[in-house]
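Heads up: the protein sequence lines correspond to chains A, B, C and D, in order. For the first sequence, the positions run 293 to 548 when our numbering is used. For the second sequence, the positions run 293 to 548 when our numbering is used. For the third sequence, the positions run 293 to 548 when our numbering is used. For the fourth sequence, the positions run 293 to 548 when our numbering is used.
Derived from the structure by calculation, the hints contain no laboratory data. Fair warning: this is a prediction, and the values are worked out from it, not measured in the lab. Watch out, some of these pointers could steer you wrong.
Because identical chains cannot be distinguished in the list, a pair is counted as satisfied if it fits within a single copy or across any two copies.
Dumping the calculated SDA-like pairs for lysine to any residue here, alpha-carbon to alpha-carbon at most 20 Å [unchecked claim]:
id, residue 1, residue 2
1, K344, E404
2, K377, G358
3, K463, D342
4, K377, R324
5, K344, V469
6, K463, L548
7, K385, G413
8, K480, G522
9, K344, G465
10, K377, G465
11, K520, Q394
12, K315, G524
13, K371, E440
14, K377, C406
15, K319, E370
16, K480, H521
17, K520, F490
18, K319, E414
19, K336, E481
20, K336, N438
21, K336, K387
Protein chains: 4
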Amino acid sequence: MKRLFTLAITIAVSCAAQAQEQKEYPKPEAMRPGMSEYWTPQPKVITPGDIKTDTAPSDAVVLFDGKDLSAWMNPNGEKAEWTVKNGVMTVDKSKGDIVTRQKFGSFQLHLEWCVPTGITGESQARGNSGVFLQDMYEVQILDCFNNETYVNGMTGSIYKQTPPLANAMRKPGEWNVYDIIYTAPVFKEDGTYLYRPFVTVIQNGIVLQNHTEIQGTTEYIGFPRTVKHGEGPIRLQSHGDPSQPISFRNIWIRPL
Amino acid sequence: MKRLFTLAITIAVSCAAQAQEQKEYPKPEAMRPGMSEYWTPQPKVITPGDIKTDTAPSDAVVLFDGKDLSAWMNPNGEKAEWTVKNGVMTVDKSKGDIVTRQKFGSFQLHLEWCVPTGITGESQARGNSGVFLQDMYEVQILDCFNNETYVNGMTGSIYKQTPPLANAMRKPGEWNVYDIIYTAPVFKEDGTYLYRPFVTVIQNGIVLQNHTEIQGTTEYIGFPRTVKHGEGPIRLQSHGDPSQPISFRNIWIRPL
Amino acid sequence: MKRLFTLAITIAVSCAAQAQEQKEYPKPEAMRPGMSEYWTPQPKVITPGDIKTDTAPSDAVVLFDGKDLSAWMNPNGEKAEWTVKNGVMTVDKSKGDIVTRQKFGSFQLHLEWCVPTGITGESQARGNSGVFLQDMYEVQILDCFNNETYVNGMTGSIYKQTPPLANAMRKPGEWNVYDIIYTAPVFKEDGTYLYRPFVTVIQNGIVLQNHTEIQGTTEYIGFPRTVKHGEGPIRLQSHGDPSQPISFRNIWIRPL
Amino acid sequence: MKRLFTLAITIAVSCAAQAQEQKEYPKPEAMRPGMSEYWTPQPKVITPGDIKTDTAPSDAVVLFDGKDLSAWMNPNGEKAEWTVKNGVMTVDKSKGDIVTRQKFGSFQLHLEWCVPTGITGESQARGNSGVFLQDMYEVQILDCFNNETYVNGMTGSIYKQTPPLANAMRKPGEWNVYDIIYTAPVFKEDGTYLYRPFVTVIQNGIVLQNHTEIQGTTEYIGFPRTVKHGEGPIRLQSHGDPSQPISFRNIWIRPL
Numbered sequence: 293m294k295r296l297f298t299l300a301i302t303i304a305v306s307c308a309a310q311a312q313e314q315k316e317y318p319k320p321e322a323m324r325p326g327m328s329e330y331w332t333p334q335p336k337v338i339t340p341g342d343i344k345t346d347t348a349p350s351d352a353v354v355l356f357d358g359k360d361l362s363a364w365m366n367p368n369g370e371k372a373e374w375t376v377k378n379g380v381m382t383v384d385k386s387k388g389d390i391v392t393r394q395k396f397g398s399f400q401l402h403l404e405w406c407v408p409t410g411i412t413g414e415s416q417a418r419g420n421s422g423v424f425l426q427d428m429y430e431v432q433i434l435d436c437f438n439n440e441t442y443v444n445g446m447t448g449s450i451y452k453q454t455p456p457l458a459n460a461m462r463k464p465g466e467w468n469v470y471d472i473i474y475t476a477p478v479f480k481e482d483g484t485y486l487y488r489p490f491v492t493v494i495q496n497g498i499v500l501q502n503h504t505e506i507q508g509t510t511e512y513i514g515f516p517r518t519v520k521h522g523e524g525p526i527r528l529q530s531h532g533d534p535s536q537p538i539s540f541r542n543i544w545i546r547p548l
Numbered sequence: 293m294k295r296l297f298t299l300a301i302t303i304a305v306s307c308a309a310q311a312q313e314q315k316e317y318p319k320p321e322a323m324r325p326g327m328s329e330y331w332t333p334q335p336k337v338i339t340p341g342d343i344k345t346d347t348a349p350s351d352a353v354v355l356f357d358g359k360d361l362s363a364w365m366n367p368n369g370e371k372a373e374w375t376v377k378n379g380v381m382t383v384d385k386s387k388g389d390i391v392t393r394q395k396f397g398s399f400q401l402h403l404e405w406c407v408p409t410g411i412t413g414e415s416q417a418r419g420n421s422g423v424f425l426q427d428m429y430e431v432q433i434l435d436c437f438n439n440e441t442y443v444n445g446m447t448g449s450i451y452k453q454t455p456p457l458a459n460a461m462r463k464p465g466e467w468n469v470y471d472i473i474y475t476a477p478v479f480k481e482d483g484t485y486l487y488r489p490f491v492t493v494i495q496n497g498i499v500l501q502n503h504t505e506i507q508g509t510t511e512y513i514g515f516p517r518t519v520k521h522g523e524g525p526i527r528l529q530s531h532g533d534p535s536q537p538i539s540f541r542n543i544w545i546r547p548l
Numbered sequence: 293m294k295r296l297f298t299l300a301i302t303i304a305v306s307c308a309a310q311a312q313e314q315k316e317y318p319k320p321e322a323m324r325p326g327m328s329e330y331w332t333p334q335p336k337v338i339t340p341g342d343i344k345t346d347t348a349p350s351d352a353v354v355l356f357d358g359k360d361l362s363a364w365m366n367p368n369g370e371k372a373e374w375t376v377k378n379g380v381m382t383v384d385k386s387k388g389d390i391v392t393r394q395k396f397g398s399f400q401l402h403l404e405w406c407v408p409t410g411i412t413g414e415s416q417a418r419g420n421s422g423v424f425l426q427d428m429y430e431v432q433i434l435d436c437f438n439n440e441t442y443v444n445g446m447t448g449s450i451y452k453q454t455p456p457l458a459n460a461m462r463k464p465g466e467w468n469v470y471d472i473i474y475t476a477p478v479f480k481e482d483g484t485y486l487y488r489p490f491v492t493v494i495q496n497g498i499v500l501q502n503h504t505e506i507q508g509t510t511e512y513i514g515f516p517r518t519v520k521h522g523e524g525p526i527r528l529q530s531h532g533d534p535s536q537p538i539s540f541r542n543i544w545i546r547p548l
Numbered sequence: 293m294k295r296l297f298t299l300a301i302t303i304a305v306s307c308a309a310q311a312q313e314q315k316e317y318p319k320p321e322a323m324r325p326g327m328s329e330y331w332t333p334q335p336k337v338i339t340p341g342d343i344k345t346d347t348a349p350s351d352a353v354v355l356f357d358g359k360d361l362s363a364w365m366n367p368n369g370e371k372a373e374w375t376v377k378n379g380v381m382t383v384d385k386s387k388g389d390i391v392t393r394q395k396f397g398s399f400q401l402h403l404e405w406c407v408p409t410g411i412t413g414e415s416q417a418r419g420n421s422g423v424f425l426q427d428m429y430e431v432q433i434l435d436c437f438n439n440e441t442y443v444n445g446m447t448g449s450i451y452k453q454t455p456p457l458a459n460a461m462r463k464p465g466e467w468n469v470y471d472i473i474y475t476a477p478v479f480k481e482d483g484t485y486l487y488r489p490f491v492t493v494i495q496n497g498i499v500l501q502n503h504t505e506i507q508g509t510t511e512y513i514g515f516p517r518t519v520k521h522g523e524g525p526i527r528l529q530s531h532g533d534p535s536q537p538i539s540f541r542n543i544w545i546r547p548l
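Full structure from sequences and hints, please.
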């Protein structure tokens, strides 16, 4: 970190770098390195997971490890009834959405999803699903591999708000990885946003959303809405499109 | 994405959700789904890389693919003279820092680094290096596996500014992965920041910095400084600490 | 400024304030006051204006001082033809909008406007005008004294985006004062916003917009649009509503 | 507000404006004006005050109207003992700081202050005082009329952090007006900032701070500190410098 700085640095903190004044002004007193070194509090130690072996970080809440849906329920609080087989859970379109039993504020979420080989349909009717952050704000999931649709409805869009920066799809039959960093909103007492939610979305190692401000709820019809809320679950969507259902695996979350 | 909204939504856009007024006010006219669907411009299509096989995304500028240092030079513009062997490049402490030949604005950077097995030393004198964004702002690299130091100098800190959210180190001999999303600053004409730089740092899949605002240059001594600059290279540090040199591999960058 | 701090301050910079660790960690080295004192660059000295005597600050560009419309033109670059009388300029609805000859980036704008006594009409058809920042983003002007309308079209709204925090209208025949602090947007090369514009609006000493992010152009129909632009003039609107025309006086601007 | 848009607008919402694609994509369905008009909730109606007659807005909490110090106390909760005479309150340097009895979150604050004619001393020893927002963050008050000091300690500076954008002082014997818009910070559970405080400072109608992010406490010595806090009073400083004491009048605050 110690580094010789050869640039002509004129000023510091948030002062302006302007032309040299003729007048001689005092200079700040010299400092020593130890004055800007802080030892506490120590960040927590986490054993990282391994993407190559599908292990979660040591402090993560595992939402699906391939075995069962015990972390999930349907929105009425009843047993989640999607299919679990070979370490993978698959949407059952007759059963509707599922939500986590646990609620979350800000978090880092990892999930993997796969569009079935041989999927049919086009635009929004092809592998449509979505992950709702705090049950409110949808990051779109869709098979966008050789499938065009409106850009604010593509995979990785904040649905009907902000298109993704890129189309980083793997093809049907291959697993797509979502890494989502979500900062929960802060509301004023009157129910409006003091700070809106923000989200960073990375798909297969490619940034699709870089700390994007979410404008409000992700509505199918009309403008985003402001709805005051507290912590909320993660919701995975069982979409009514006629295409073959998509699958999920290796889902974990770290409250931030 | 279509979703029944059962919450009592009172208002929309950025209006406040307050108690129902007694008076009857007009309602916004009803909309249709197609009014909020935009088809252009289409995001570019990228074939993602694969962390499991160390391949870069199709649109990335590969900075080191294991073969040579052709993308790098020393700060004087001469040949970079670190060691390359077995697909890995290793710091040569007698040769000093290296910088990329190409300059960058905002970007997504992927790099992997490894502290040698059997490394000795403690605190800042143990596997010390760093990656300087635009040659200005250091994200610290240090062996923090069972090695305490000041927290604003830990691995993943914005050096001498912001400590990491966690310690996600792998042990010496194992590869650590950095994924860094960097938003370049915007300066006013007078040389002060209109918008400071921001950075998100993910180490081994764990968020260490979540869109952290960088206060200014990352100084060894004293306060951050404001130095107006344009695009700049990536710099990797050859630190003078007496410990064994660290290694890098699989480095690529995507201008954003 | 020197002040005894009696709170139990645990840590500093952006470190977390947590429960005391049991372990003894080093403390940052003590500093002296002169280390955080910077003398350059000195801010420019301005003689403030006086709201009581309608004088502008010494560094302001005076856009209307009661004498003539020399700082203005119509959008085609021809002579501005609104009425000037008794130190006041009044909209001529047959002549259309007027724009400043000079273009601006970020700025502080002061202007005063008055709805004529005896004005008629209701909702948007009563004293409707507006001030367009950089010819792009409208801060609404409307007689909202005992006149209801949609809230995102009220005086001080970012038109069709964000309602004002309050209704601070003076009654027809009295002068309303706008103090507007505007931060121009920054665009990416692809024409999207890197940073959207922000605006603070104060009417008659009451905050109506507190650093509100402007979502895009202020459209009469539909969603805000993203239109890449550089510096732009101030536009005052000659609205086609059938009510009596409003007047302006004491307009000045300070580029920031 | 209705306005003909003659620019070549390519896209909307937060989509990018790029070169026209050759391919024909669907266009969003046409909207009507009434779809983006919201009538509720109506903002509260406030009768503005008048700077020319020193009246406060109708919804303001009046902190000093020239009569007595009933809204204030010393930091120990005892009677505030500064001098009140002729509608003006003056620091009594033997009595120390005073704080409001009421605590506040975010707010708009108006206060006027006057350096006595014939004041002596220089740099920080000349009319030194300050207003502490939430008892934590000092906006500096100092006689900077023909009196140089370190810029991050000038009138309107965030003390020892951010210099003012200008020097807008009136001379000793004249009243200076502060209008301050303050957004309270939001803390994480661990005591660090989720969002730091922000402040806009206007002196005599001139912007000195435009939504400046406050880095932490405003320390006389060393770096800003992070101290978790809730609502807090306004504190006015009785500074120990040997110069003649300054005076205040017409103080009011509007919680936001």
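Indicate which option fits the pair K344, G465 if close means a Cα-Cα distance not exceeding 20 Å: within, between, both or neither.
-> both (18 Å within a copy, 17 Å between copies)
Within, between, both or neither: K319, E370 at alpha-carbon 20 Å | Result: close neither inside a copy nor across copies, 68 Å intra and 36 Å inter.
At 20 Å max between alpha carbons, let me know whether K377 reaches C406 within a copy, between copies, both or neither.
-> This pair counts as within: shortest intra-copy Cα distance 14 Å, inter-copy 38 Å.
Please work out whether the CA atoms of K520 and F490 approach to 20 Å or closer within one copy, between two copies, in both situations, or in neither?
-> So K520 and F490 pass the 20 Å test inside one copy only (15 Å; across, 23 Å).
How do K463 and L548 come out at 20 Å by Cα distance, when the copy is not named: within, between, both, or neither?
-> neither (32 Å within a copy, 24 Å between copies)
At 20 Å max between alpha carbons, let me know whether K377 reaches G358 within a copy, between copies, both or neither.
-> Within one copy, since 8 Å is at most 20 Å while 40 Å is not.
Checking K336 and K387: alpha-carbon separation at most 20 Å within a copy, between copies, both or neither?
-> neither (40 Å within a copy, 35 Å between copies)
Up to 20 Å CA-CA - R324 versus K377, copy category = For K377 and R324, neither the intra-copy (61 Å) nor the inter-copy (39 Å) Cα distance is at most 20 Å.
Within, between, both or neither, where K480 and G522 count as close if Cα-Cα is 20 Å or less = Both, since 12 Å and 14 Å are each at most 20 Å.
Is it within, between, both, or neither for K463 and D342, if the alpha carbons may be no more than 20 Å apart?
-> between (23 Å within a copy, 13 Å between copies)
Evaluate K385 and G413 at a C-alpha cut-off of 20 Å and name the case that applies: within, between, both or neither.
-> Within. Shortest intra-copy distance 16 Å satisfies the 20 Å Cα cut-off; inter-copy 55 Å does not.
How would you label the pair K315, G524 (within, between, both, or neither) given a Cα cut-off of 20 Å?
-> neither (59 Å within a copy, 33 Å between copies)
Taken one by one, the earlier hints fail for this structure at numbers 4, 6, 12, 13, 15, 21, listed in ascending order.
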